[in-house]
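Number of protein chains: 2
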Amino acid sequence: MITNKQRLTSQKKIIMDYLASVDTHPSAEIIYQAVKRKLPQISLGTVYRNLKQLKKSGQVIHIPYRGTTYFDANLKLHHHFICLNCGRIIDFWSSTQNLNNVIGKQTDIGKIESYKLIFYGKCHKCFSEEE
Amino acid sequence: MITNKQRLTSQKKIIMDYLASVDTHPSAEIIYQAVKRKLPQISLGTVYRNLKQLKKSGQVIHIPYRGTTYFDANLKLHHHFICLNCGRIIDFWSSTQNLNNVIGKQTDIGKIESYKLIFYGKCHKCFSEEE
DNA sequence: TGCTTATTAGTAATCATTATTAAATAGATA
DNA sequence: TATCTATTTAATAATGATTACTAATAAGCA
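Just so you know, the sequences run in chain order A and B.
Under my numbering, residues 1 to 131 are what the first sequence spells out, in order.
Under my numbering, residues 1 to 131 are what the second sequence spells out, in order.
Check the hints yourself; a few may be wrong.
One copy or any two copies: either way a pair holds, since identical chains are not told apart in the list.
What the hints assert, rightly or not - The calculated lysine-lysine pairs, modelled on BS3-like cross-linking and capped at a C-alpha distance of 25 Å, are:
#1 38 - 52
#2 56 - 111
#3 76 - 105
#4 125 - 105
#5 122 - 111
#6 105 - 122
#7 105 - 116
Quick caveat, the hints were computed from the structure, so don't treat them as lab data.
Quick caveat: nothing in here was measured; it's all calculated off a predicted structure.
Let the sequences and hints guide you as you build the complete structure.
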């Protein structure tokens, strides 16, 4: 029998509160440092475990960049702009997605040099192999 | 004085040839395994170093997924579809970029469940701080 | 052909993340 | 409220991907 009930621990609450309080996109390590100020005995593994769970349950999204994962608890549909110089990840609230002439465009955040668009789903092969 | 001349070594050539020959999106490890069949003494570090250089000079693009980096030498503008079930990364040649109603859409590759759009460039802050 | 410097193989080190485990605790139930 | 049990925790070891280091090799220009 599988019981799969998520429990709201103080650790998870503090992690979620922290994520809700920032408009940056912190890594697990940064979250750990911040959260440790309120809960000094928390361990980095706990931060990772909770982030994984929150990701799985759709409460946070993640942005991979240069080998590390950055987190975002803002679930309103938006995109991201990453500064190739300082590494900052900035929310990008564009209404239109005409990507045809976007390269070189000046936006309110900065100048777009490139972009990456990745779709996720289930391929036909996997779909047809389902039991 | 800075000299920055790239040399075409046999290792680099074989890596590029391999990437040009596939329509999959191999990781450094997979590339290493493939390339080793032609050049048995090649080392994994050499593969990584060359991929890094090719990336820097714009000859390959990379797709990060679940902690590993996948490579693509096809420079024609296209996107990617990642199967959340089998992990396969498939080229996605969509002509339109209307992302508004894309979730749930059935495509010739599979069913889209989500997507990620990331822009890269230089933020205003970094631009203005330039000397 | 010789010279200079980028590149290599081999290996150690690093970084981000996950696994392991015994103890603690959330939250359901008596 | 006390009890119970599966989930979560802290601490730490382990893993996986990637980078750094170093002496030897080899592009490719003069």
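Hint by hint, where does the structure go against what was stated? Just the numbers, ascending.
none
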